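Peer 1: With these hints in hand, go ahead and build the complete structure from the sequences.
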Amino acid sequence: MAQLATCPPLTREALVNAHKLIELNVTRTPVVTSKTLNRMASTPRQSGGGVPAKPVIRLHFKCENMQRMGAFKARGAFHAIKRLLQEPGWVESGGKEKGVVGFSSGNHAQALALAATENGIKSYIVMPSSTRPNKVAATRGYGAEVVFCSTFNEREAVANKVIEDTGARLVPPHNHPDIILGQGTACLEFQEQVPKLDAVISPCSGGGLLSGTALSCEGTNIRVYGAEPEFEGADDGRRGYYSGTRIAEVNTSTIADGLVGAISSTPWSIIYERRLVSGMYAVSEDEIREATRLMLERLKIWVEPSAAVPLAVVLFNEEFRSLVENEAGENGWDIGIIVSGGNINIEGLAKLFS
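All the letters of the sequence shown, read from the start, carry residue numbers 1 to 354 under the UniProt record's numbering.
Hints listed in this document are in silico derivations from the structure and should not be mistaken for laboratory results.
Each statement offered as a hint is correct.
No more than 27 angstroms apart at the CA atoms, straight line, and that leaves these computed lysine-lysine pairs for DSS-like:
id, residue 1, residue 2
1, Lys20, Lys96
2, Lys20, Lys196
3, Lys20, Lys122
4, Lys122, Lys135
5, Lys351, Lys135
6, Lys98, Lys82
7, Lys135, Lys82
8, Lys161, Lys98
9, Lys35, Lys54
10, Lys135, Lys96
11, Lys161, Lys82
12, Lys82, Lys96
13, Lys122, Lys98
14, Lys82, Lys122
15, Lys196, Lys300
16, Lys351, Lys300
Computed from a prediction, not measured in an experiment: that's the story for all the values here.
Peer 2: Right, dumping it as structure tokens:
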């Protein structure tokens with residue numbers, strides 16, 4: 001990554017500049033809608049007790065599952081690489097040959113490999129030995145050298161050893177300004193494509209996408225919300241947000257496996273300390289599974305379960321639905337959903353619904 005001292009402040013203006021830097025490298029993904037899902041979202045749910053909410057909701061889906069390498073992560077990776085290339089002396093001192101290193105078993109791995117290769121930079125990706133073979137193959141396919149570690153918790157130590165041996169520069173998945181600014185360009189485009197947005201919901205894991213989304217909406221009237229799975233404590237962001245203390249570790253086997261990480265310190269400063277996120281909500285495994293099915297059948301788009309979590313919040317989280325009813329009234333809200341990715345294979349999808 002570029003040195004922190006050279007990073008721009010985390011503002012909407014910096015995010016606009018980030019978009020200019022990477023717009024030729026990433027896809028301006030489409031926005032899709034569904035009258036059927038609007039009707040479902042605006043229909044009161046069966047409730048075990050109390051009066052169900054009656055929100056009026058119009059949904060807009062920003063399809064980052066159609067992004068290069070299949071996820072929003074391409075944005076942060078390309079921005080990080082472009083900023084690194086601008087760092088005085090990095091190229092001249094052999095930076096391209098020394099390379100970059102990342103630790104990820106998911107979309108960041110493929111994104112960093114792609115961005116590095118396209119810019120003539122060597123890349124090393126540290127992955128747990130238990131990583132699914134298709135993800136390892138995809139990462140190698142984008143040009144990375146994969147380095148295995150024994151467990152998830154050993155990733156950073158192994159990455160540090162690679163840095164010691166090669167002089168490579170670390171590119172973390174979310175805890176850096178350049179990554180956050182890159183991820184936020186998705187919602188910047190979203191606002192241009194749908195100027196009437198009242199709110200945006202983003203999935204949340206390490207917090208890079210959610211915090212970048214929040215920065216893109218700073219100074220606008222758009223409210224930003226985070227969405228998480230609740231299974232086995234995967235809703236660390238929600239629990240931390242409402243308790244006032246960031247939760248540093250999460251251990252969960254949720255089907256939304258792209259959302260198993262805890263929010264990092266830099267995203268947390270935007271999400272909670274600056275209060276640029278208005279609330280956090282969580283949903284069950286069955287609700288995520290149903291939202292995934294609806295996106296496949298109604299939107300006709302290929303999504304991983306993590307990308308369906310925001311829709312699950314809109315459809316099934318009664319607290320959020322009541323908020324929309326109370327705040328928006330009869331006029332309702334135009335709600336944007338960032339569809340974070342579509343990197344799941346046929347076997348994985350079949351297992352999800354078996």
